[in-house]
Amino acid sequence: MRLLDIFTHIYDEEILAKLGFLKTIRLFEGIRKRQLIHVLESLQPRTYLKGETIFTQGDIGRALFIVFSGKIALSRLAPATRKNEVIAEVNPGEFFGEMALLEEMPRTATAYALEETRVFMLFKIKLESLFFSRPQIGVIIAAQLAKIMSARLRAIIEKPE
Amino acid sequence: MTTKATEQKNNYLQFLLPAFIGLAVVYFIVLAKNALFPFILSAALAYIINPAITYFEVRGIKRSYAVIALYVVAGATLFLGVYLLVQFLSTELQSLQQTWPSYAERIQQFILNLNAKMVKNYPLLESVKLNEKFSHLLEAVPQVILTLLPALTLLFVVPFITFFMLAGGSGIMDYLLDHLPARNVEIVLHIASRIDASLGNYLRGILTEAFVIFLIAFFGLTMMELNYSAVIAILIGISSLVPYLGAMVGAVVSSIVAYLQFSSFVPIIRILLFFTGIRFFDDWFLQPYIMKKAVQLNPAIILLALMAGAELGGIWGVLFSIPVTCIIKEILQIAVELQETEFRWKPKPEPTRISIPYT
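From first to last, the protein sequence lines are chains A and B. Residue 16 in the working numbering sits at position 16 of the first sequence, with consecutive numbering throughout. Residue 68 in the working numbering sits at position 68 of the second sequence, with consecutive numbering throughout.
Hints were generated in silico from the structure; no laboratory data involved. Misleading hints may appear alongside valid ones.
The following label-pair restraints were derived from C-beta to C-beta distances [said to hold, decoys possible]:
#1 Leu23/B - Leu114/A: 49 to 55 Å
#2 Leu23/B - Glu116/A: 31 to 37 Å
#3 Ala19/B - Leu114/A: 29 to 35 Å
#4 Ala146/A - Ala310/B: 29 to 35 Å
#5 Glu116/A - Leu45/B: 35 to 41 Å
#6 Ala310/B - Met105/A: 43 to 49 Å
#7 Met248/B - Glu116/A: 27 to 33 Å
#8 Phe156/B - Glu116/A: 43 to 49 Å
#9 Val26/B - Lys23/A: 51 to 57 Å
#10 Leu332/B - Glu116/A: 36 to 42 Å
#11 Phe281/B - Pro92/A: 51 to 57 Å
Just so you know, even glycine gets a beta-carbon here, dropped at the ideal spot from N, CA and C.
Working from the sequences, and respecting the hints, build out all of it.
Structure below.
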């Protein structure tokens with residue numbers, strides 16, 4: 001029992017919780033928990049306060065954002081009305097901005113925090129280094145990314161007019 | 001109109017505090033640059049060691065425990081290493097102490113003979129007074145060694161400061177990050193990740209390279225039965241931190257020692273071949289493998305950086321010149337890219353377009 005106590009002192013519960021959280025993210029589906037450590041090493045956390053803008057439509061995208069806690073709204077400028085319309089809300093466990101991982105193109109929407117939100121950022125350069133240093137993880141992420149993009153494309157096509 | 005003017009005034013006012021803090025920091029650095037030096041060294045050391053701590057941290061072990069464990073293990077290894085080295089070196093140093101006067105005399109004699117021959121063939125060289133200059137140089141050697149002594153205090157101060165920097169982790173960085181304007185976080189982190197990727201790879205690469213060269217030199221010179229092989233190998237290892245210097249220093253020092261020890265040119269040729277081999281091995285195998293992900297610097301730029309470093313900061317300037325050049329190169333590259341993308345210097349990149357629809 002004492003030995004277990006020592007382990008609870010040595011182990012950082014916060015990190016273990018983060019690893020558990022990453023296991024639930026669709027982008028990392030299929031990556032073993034032990035390998036997720038390398039993914040966690042590549043992520044950068046940051047907290048956004050309510051109302052803070054994460055990026056604006058037209059900004060060059062360089063990172064993908066995973067929502068750890070809180071809520072993010074994605075809005076887009078409607079060409080007809082010239083008004084910002086909320087197109088989606090991103091909840092814990094979901095992610096957005098994945099286009100930045102494929103090409104450094106202008107963002108297609110604005111993202112802002114609806115409440116105090118903690119996000120993990122995955123930068124393109126970190127993902128690329130993961131592809132080369134840990135190809136096993138890289139292949140899984142690339143395949144998941146392709147599946148997700150395909151699903152989003154399908155959703156656009158199948159959307160009723 | 002008034003509201004617009006007030007808004008503009010507020011816009012300028014928001015930069016007042018950061019500008020004031022920035023200026024104060026620069027002024028402080030200028031005033032206390034000598035006191036800051038151990039902190040710069042410690043920060044560099046902490047930056048190099050940090051991945052080892054992160055390795056354990058992301059595996060769930062608390063950072064403070066990881067740092068303590070690393071210090072205990074590194075301390076024990078260092079103690080053992082130094083103990084063995086002192087044991088090994090003490091005999092070498094003792095023998096050097098005994099043989100140095102005769103070596104010095106032989107070096108001086110060699111120079112005198114050389115000078116006499118050269119002056120005989122080329123009388124113009126008499127005005128250069130090579131022998132006088134050389135005796136000055138020999139006298140200056142102990143003085144140079146004495147100037148290195150204050151650097152020894154760094155050996156105690158730097159690990160101490162590094163410990164607290166490592167234990168504190170990314171606390172300061174996280175604080176700064178949390179207080180940056182939210183919209184700029186992505187770009188700032190993008191720049192930081194790029195500098196970190198290239199500089200980190202360079203520093204870790206050059207340390208591995210220096211260690212491998214030290215091992216090869218040590219075993220090679222020991223096998224050639226050269227005296228003071230451990231001392232020379234350490235010298236080569238340290239000088240390998242500066243590009244191109246390691247093998248050159250090794251070849252020169254080993255050749256002198258070999259000449260004094262064997263009084264023949266055959267071992268010198270063997271040594272020169274050995275160091276040429278090291279140079280090629282370094283260029284063809286070690287560097288392409290270790291440094292493949294680091295910043296690629298043109299040899300001319302390296303030379304310029306080394307010379308500028310020496311002029312600005314002496315021996316420490318030389319040591320820091322290449323990492324600083326790496327940072328400058330990466331920043332310049334990012335700046336050009338940003339000019340092109342953010343300020344529309346170049347037309348917007350066209351997204352990939354495919355005519356066949358999704359099926």
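**Report entry** Hint check for glutamate 116/A and phenylalanine 156/B - Cβ pair distance inside 43 to 49 Å
**Finding:** holds, 44 Å
**Report entry** Outcome of range test on Cβ distance (leucine 332/B, glutamate 116/A; 36 to 42 Å)
**Finding:** At roughly 37 Å between Cβ atoms, glutamate 116/A and leucine 332/B fall inside 36 to 42 Å, so the hint holds.
Report task. Look at the Cβ atoms of leucine 23/B and leucine 114/A and judge whether their distance stays inside 49 to 55 Å. Result -> 38 Å Cβ-Cβ, so the 49 to 55 Å window is violated.
Query raised in the report: methionine 248/B and glutamate 116/A, beta-carbon distance inside 27 to 33 Å?
Result: Distance hint for methionine 248/B, glutamate 116/A is violated at roughly 58 Å.
Requested in this report: Please test the hint of 51 to 57 Å on the beta carbon pair from valine 26/B and lysine 23/A.
Outcome: violated, 46 Å
Report task. Return holds or violated for the Cβ distance of alanine 146/A and alanine 310/B against the range 29 to 35 Å. Result -> Between alanine 146/A and alanine 310/B, where Cβ atoms are some 52 Å apart, the hint is violated.
Query raised in the report: In this structure, is the beta-carbon distance linking glutamate 116/A and leucine 45/B contained in 35 to 41 Å?
Result: Given range 35 to 41 Å: holds, Cβ gap about 36 Å.
Query - Verdict for phenylalanine 281/B, proline 92/A (Cβ pair) under range 51 to 57 Å - result: holds, 52 Å
Query raised in the report: Taking the beta carbons of alanine 310/B and methionine 105/A, is their distance inside 43 to 49 Å?
Result: Given about 45 Å between the Cβ atoms, the range holds.
Report task. Go ahead and decide if the range 29 to 35 Å is satisfied by the Cβ distance of alanine 19/B to leucine 114/A. Result -> Holds, since alanine 19/B and leucine 114/A (Cβ atoms, about 33 Å apart) stay within the stated range.
**Report entry** C-beta pair leucine 23/B, glutamate 116/A: status relative to the range 31 to 37 Å that was hinted
**Finding:** holds, 33 Å
Checked against the numbered hints given earlier, the structure breaks hints 1, 4, 7, 9 and satisfies all the rest.
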